[in-house]
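Residue numbers (the working numbering), protein chains in the order written: chain P, 239 to 580; chain A, 239 to 580; chain W, 239 to 580; chain R, 239 to 580.
Hints are supplied without guarantee of correctness; some may be wrong.
Note that identical chains are pooled: a pair holds if it fits in a single copy or bridges any two copies.
Lysine to aspartate or glutamate pairs mimicking EDC-like chemistry, simulated, CA-CA at most 20 Å apart [what the hints assert, rightly or not]: (1) Lys487 to Asp409; (2) Lys362 to Asp409; (3) Lys487 to Asp406; (4) Lys487 to Asp308; (5) Lys487 to Asp408; (6) Lys353 to Asp308; (7) Lys276 to Glu514; (8) Lys276 to Glu504; (9) Lys324 to Asp495; (10) Lys353 to Asp489; (11) Lys362 to Asp406; (12) Lys276 to Asp454; (13) Lys324 to Asp359; (14) Lys324 to Asp308; (15) Lys362 to Asp343; (16) Lys324 to Asp354; (17) Lys426 to Asp406; (18) Lys353 to Asp265; (19) Lys426 to Asp292.
Worth flagging that the hints you see were computed from the coordinates, not collected in a lab. All figures in this text were calculated on a predicted structure; none of them were measured in a lab.
Protein chains: 4
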Amino acid sequence: MAHNIAILGASGYTGAELVRLIAGHPDLRMAALSADRKAGQPMGAVFPHLRHLDLPVLQKIDALDFTDIDLVFCGLPHATSQAVIKTLPDHVKVVDLSADFRLRDTATYAKWYGKDHDAQDLQKQAVYGLTEFYRDDIAAARLVAGTGCNAATGQYALRPLITAGVIDVDDIIIDLKTGVSGAGRSLKENLLHAELSEGGHAYAVGGTHRHLGEFDQEFSLLAGRPVQVQFTPHLIPANRGILATVYVKGDAAQVHDTLHQAYGSEPFLEVLPFGEHPSTRHVRGSNFCHIGVVADRIPGRTIVIAALDNLTKGSSGQALQNANLMLGLDETLGLMAAPVFP
Amino acid sequence: MAHNIAILGASGYTGAELVRLIAGHPDLRMAALSADRKAGQPMGAVFPHLRHLDLPVLQKIDALDFTDIDLVFCGLPHATSQAVIKTLPDHVKVVDLSADFRLRDTATYAKWYGKDHDAQDLQKQAVYGLTEFYRDDIAAARLVAGTGCNAATGQYALRPLITAGVIDVDDIIIDLKTGVSGAGRSLKENLLHAELSEGGHAYAVGGTHRHLGEFDQEFSLLAGRPVQVQFTPHLIPANRGILATVYVKGDAAQVHDTLHQAYGSEPFLEVLPFGEHPSTRHVRGSNFCHIGVVADRIPGRTIVIAALDNLTKGSSGQALQNANLMLGLDETLGLMAAPVFP
Amino acid sequence: MAHNIAILGASGYTGAELVRLIAGHPDLRMAALSADRKAGQPMGAVFPHLRHLDLPVLQKIDALDFTDIDLVFCGLPHATSQAVIKTLPDHVKVVDLSADFRLRDTATYAKWYGKDHDAQDLQKQAVYGLTEFYRDDIAAARLVAGTGCNAATGQYALRPLITAGVIDVDDIIIDLKTGVSGAGRSLKENLLHAELSEGGHAYAVGGTHRHLGEFDQEFSLLAGRPVQVQFTPHLIPANRGILATVYVKGDAAQVHDTLHQAYGSEPFLEVLPFGEHPSTRHVRGSNFCHIGVVADRIPGRTIVIAALDNLTKGSSGQALQNANLMLGLDETLGLMAAPVFP
Amino acid sequence: MAHNIAILGASGYTGAELVRLIAGHPDLRMAALSADRKAGQPMGAVFPHLRHLDLPVLQKIDALDFTDIDLVFCGLPHATSQAVIKTLPDHVKVVDLSADFRLRDTATYAKWYGKDHDAQDLQKQAVYGLTEFYRDDIAAARLVAGTGCNAATGQYALRPLITAGVIDVDDIIIDLKTGVSGAGRSLKENLLHAELSEGGHAYAVGGTHRHLGEFDQEFSLLAGRPVQVQFTPHLIPANRGILATVYVKGDAAQVHDTLHQAYGSEPFLEVLPFGEHPSTRHVRGSNFCHIGVVADRIPGRTIVIAALDNLTKGSSGQALQNANLMLGLDETLGLMAAPVFP
């Protein structure tokens, strides 16, 4: 029996990606799509690649009837998201793709996002949506907070290593390269083709990127004490894909073994043979994450490289994976399509 | 019950695309993959985006046992293809992706491909694989010749118009823009990233592109007399996608109506509302073809623009669609995934 | 002795390109730069690639003193441009890069730009800035109107052919592919990297692009009677470069001879050997225009392909070439740098 | 008075870049160009962007007469380079762009390049070509070894810091992102557009890249004891540009001051204001190198980011800068053109 879902904020890239994935899902029915500024338009006008699908017309959120909706994907901007989610009826499960419910601590939220949280009760009960590490909690949750796409990539490389105590947690560097779709469909000069193509640059250098709030929260929890990493994201001229090059101090073979054992039975996490490393091209459009481990020439230093598609495993794919769990479905439904290469 | 298929030439882009599509097909089983120069390697080493799949190891064609194979996809270069296909056992159905069986006339083949055909009996019995126009013949065929990707795009724009007699067949210009994957994974200086990115250029200008053989054959057949079109392909810095801008003399509204009626019930052909036109980005990775019609400011002149993904609807997706028909399956199986954008 | 120049609208791509070119000019001195919204900022903050240059700070136009300025480059949007230029003191020569003074006829301007012209006297006396064809007029002019970048490309391919009467002027098709910088540094969703990369599409299809006003004006003048061409521009994922594929009816050898003779002594126009054709990559960043001629397989039909860099020969390079003439300097000063490839 | 120069290996990207730069040099005359496999062809056939130049036809090296040649740029592959250079007459000065003379120690050369050096006397007398640090030696040298492009980028970020002792030399990580032209015009599957565009990946991970030989040699010399850095290069889908993100332990303000003082009077090295950082787009096609310093949120950790164009400041521009010095010319001749953006 199909479950009815709604997608709020369907006119953004994560919204469109949800529609793309759910269109191939056997047990979900897209009952409502919202997009305040494009209300009244068919989805195919806003995203012509979806024009062949029979979809509900875009509506304002206020116009939606949630009576028969089982689960809502919320792809709204942060701050807006908390305001909307706290008004949703209790019977509706929620997967939020914004940053609003990722940080459990209210003061930490205020620090990174510059304002107090308006739905602090919900904030405390939300489950962090990194599926492989919060599976049971997610299955039981009403509200799941999708992780940051950069935060997910770094955590896939590092969590089992911190848990196992095989690396020095005080000397971790995450040098990350990301495609441009992570910035969304927003009108900013620095996202224009002419500004971004044919080159590369760093941004949020020096520890100012908000996803550091997630790294701090999760890594400190795993280590049982405060952990801070260095994290420098870079923008490269590609639409999709994140490559995190992670520098750790620890034995490379042990690092590889630890990751291999942690992810051996995971459907979407592929640990490459020791010494191999991934490319974002080979996960494009898919829910897979490829992870490689290489020993540096300097003994005791190891490079872990993780690659995933920011719009899929980094946000909308993860969201669907979590929704499957929350609805009691097979976690992989709608998500097994192979990457698109070249 | 699953049908066993084999893919010959699995180490090329069309081979990899077939694997990607068939991996999501409920009724086909990839029983054998060949790649002479990469024999012995797992597919995931040649195409890491497919590493999560459980696939047969690549073998030389000579090492394959066709006893239990129901259908072969042949992704070999032309000339090689005819040599291999004529040795296949009779019980094996064949979808050929090369140019070897597209031209029915042996002299025409020799003219465009510079040598005599080595399997002329097969050449005469092969069915031209433009699914929407040869559906019944394809369903009954043993050997189907996949069309050229450029040839398919131009024909989708033009065939119904020639059949209906609504345009001047003596004054047709197809100005085509194609991504680079159509040239395959071959080592040529002009396919290097540094040579191709950040610009555009024409190639095979003046009527020398081999796909003209297909245009001539098919359009003349439809018109009942010799038809020659002008055709200039251009290479643009994108991996996938063909955009054919077709200039015709005829009434725009009539042109639009004719296409709309011809394709109204087709699962993969989308005729856009009058005045709209497509982008290759909106069909990427999918089996869809979008077609638009716009009236020029000069009365009696019309622009038809067709967009498809050369690796999917232009070759491997078409091949799978034809294989579905040949095996008595639903034509759309494995092919309904939405395009990947952005 | 150096001439003092000012650049109005220096915060756009054409403004930055002017600064880049003039920085290497021996006889021009950049005395003032304006950018209303970025007034007070150094040019290197707005365009970091120019940070090594010692340039005047950006100012509002109102704050500029034109007393010692010999020539102004005006890179403002159309409509704004005419309002500003009519206030400039008489001793200042003006090269306008906007569309405001390209069309001589006031009614034609109103038709294409949707409003009446506010400086009709200036409009009538402005010289059309296609250097090679209006050289003497430009040298004597006070106000020169830079051509549209698409309009320049098409005219380089066609003007000598229309003048010589070697083609049918009633059956000309210009299928043009342009990079994205021609659209400027404006915040539009359709100019985002994620929207534009990895694909191609047409725009202003059917004869609605404003550069048609220039084609109509100039070609009709040359032919001595009304001439209308078909013109379909396409956007390709490259920052710079225009490739115009022009379909004409006429003898290819005669077409090639005509162009070769017309441009034989031009410093920036390179007619390729018969049968060869250009790529935008090979003119990038330069003031050169490459033109090729190929005979179609259909007798009497010919393809002319012209390539130039829209920001250089298509606008700022042309502007500098015209300024050189207006100031009595060698036309090529500051413009002979070779293209940047790859 | 013009100096006669020859370029050996003119059919590669560094050769073409030398021609582009020297074409704008007032005191150098390109007297001979070699390219063994393309001998007999005009340069404009091999690199159409140079077709407007009046250049000597490509010849085999054996056919060149060095009698009147003052200086040779040698853009041949390593190993070939040493074999050719040792045969050149003594009066010819040489700037080698290959890796053959970068490492002074014969055993170190053998270790990194897998064979013994065939011109060990020359190897010992060659001057390392990082202009800003070997200026006097270069001016007096007969043979200058151009640095690796990655090696140059990392050294610009680090040399003054090691010399000044303001960072921990035992904990340096260079995470580098490079465009594809650094790999040259060679026919390799992994350099195809379809393989490289739309993504990113690391290569030579773990300390296997040959430019580490240069880092080890130079940094150890500066520190007065063995220094080994971690170095991970990545390929991004751009043709030109290197961005080195360098992680050091040291005080950020002190790091910035040290670089600012070291490079304050350098014509091509721009140290950005504290807290700003560069993009490869803003040095494209130029000989400039932009360097930024940012303090990490973790006290005592600093990120230095350097950007240059691998074909210009990273190889051919550097080569010309060195040649200017060797010929007693102004070091900046032919090199002051502003970057090309967008």
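Practice prompt. Measure nothing new, just compare the shortest in-copy and cross-copy C-alpha distances for Lys362 and Asp409 to 20 Å and report within, between, both or neither.
Written response: Intra 30 Å, inter 40 Å, cutoff 20 Å: neither.
Discussion item. When Cα atoms must be at most 20 Å apart, do Lys276 and Glu504 count as within-copy, between-copy, both, or neither?
Written reply: neither (39 Å within a copy, 29 Å between copies)
Worksheet item: Which holds for Lys324 with Asp359 at a C-alpha limit of 20 Å: within a copy, between copies, both or neither?
Response: This pair counts as within: shortest intra-copy Cα distance 9 Å, inter-copy 63 Å.
Item to complete: Check Lys487 against Asp409 for me: Cα-Cα at most 20 Å, and say if that holds within a copy, between copies, both or neither.
Response: For Lys487 and Asp409, both the intra-copy (7 Å) and inter-copy (11 Å) Cα distances are at most 20 Å.
Item to complete: Indicate which option fits the pair Lys487, Asp406 if close means a Cα-Cα distance not exceeding 20 Å: within, between, both or neither.
Response: both (6 Å within a copy, 16 Å between copies)
Worksheet entry | Intra- versus inter-subunit Cα pairing at 20 Å for Lys353 with Asp489 | neither (42 Å within a copy, 31 Å between copies)
Practice prompt. Tell me, please, which holds for Lys276 and Asp454 at an alpha-carbon limit of 20 Å: within, between, both or neither?
Written response: neither (37 Å within a copy, 38 Å between copies)
Worksheet item: Quick one: Lys276 to Glu514, C-alpha cut-off 20 Å, is that within a copy, between copies, both, or neither?
Response: Between copies, since 19 Å is at most 20 Å while 45 Å is not.
Worksheet item: Are the CA atoms of Lys487 and Asp408 at most 20 Å apart within a copy, between copies, both, or neither?
Response: For Lys487 and Asp408, both the intra-copy (9 Å) and inter-copy (13 Å) Cα distances are at most 20 Å.
Worksheet item: How would you label the pair Lys487, Asp308 (within, between, both, or neither) given a Cα cut-off of 20 Å?
Response: Answer is neither; intra-copy 46 Å and inter-copy 52 Å both fail.
Discussion item. My question is about Lys353 and Asp308: at a cut-off of 20 Å on alpha-carbon distance, are they close within one copy, between copies, both, or neither?
Written reply: For Lys353 and Asp308, neither the intra-copy (31 Å) nor the inter-copy (53 Å) Cα distance is at most 20 Å.
Practice prompt. Using 20 Å as the alpha carbon limit, work out where Lys426 and Asp292 are close: within a copy, between copies, both or neither.
Written response: Cα proximity of Lys426 and Asp292: none, with 32 Å in one copy and 28 Å across.
Of the hints listed earlier, those the structure fails to meet are numbers 2, 4, 6, 8, 9, 10, 11, 12, 17, 18, 19, in rising order.
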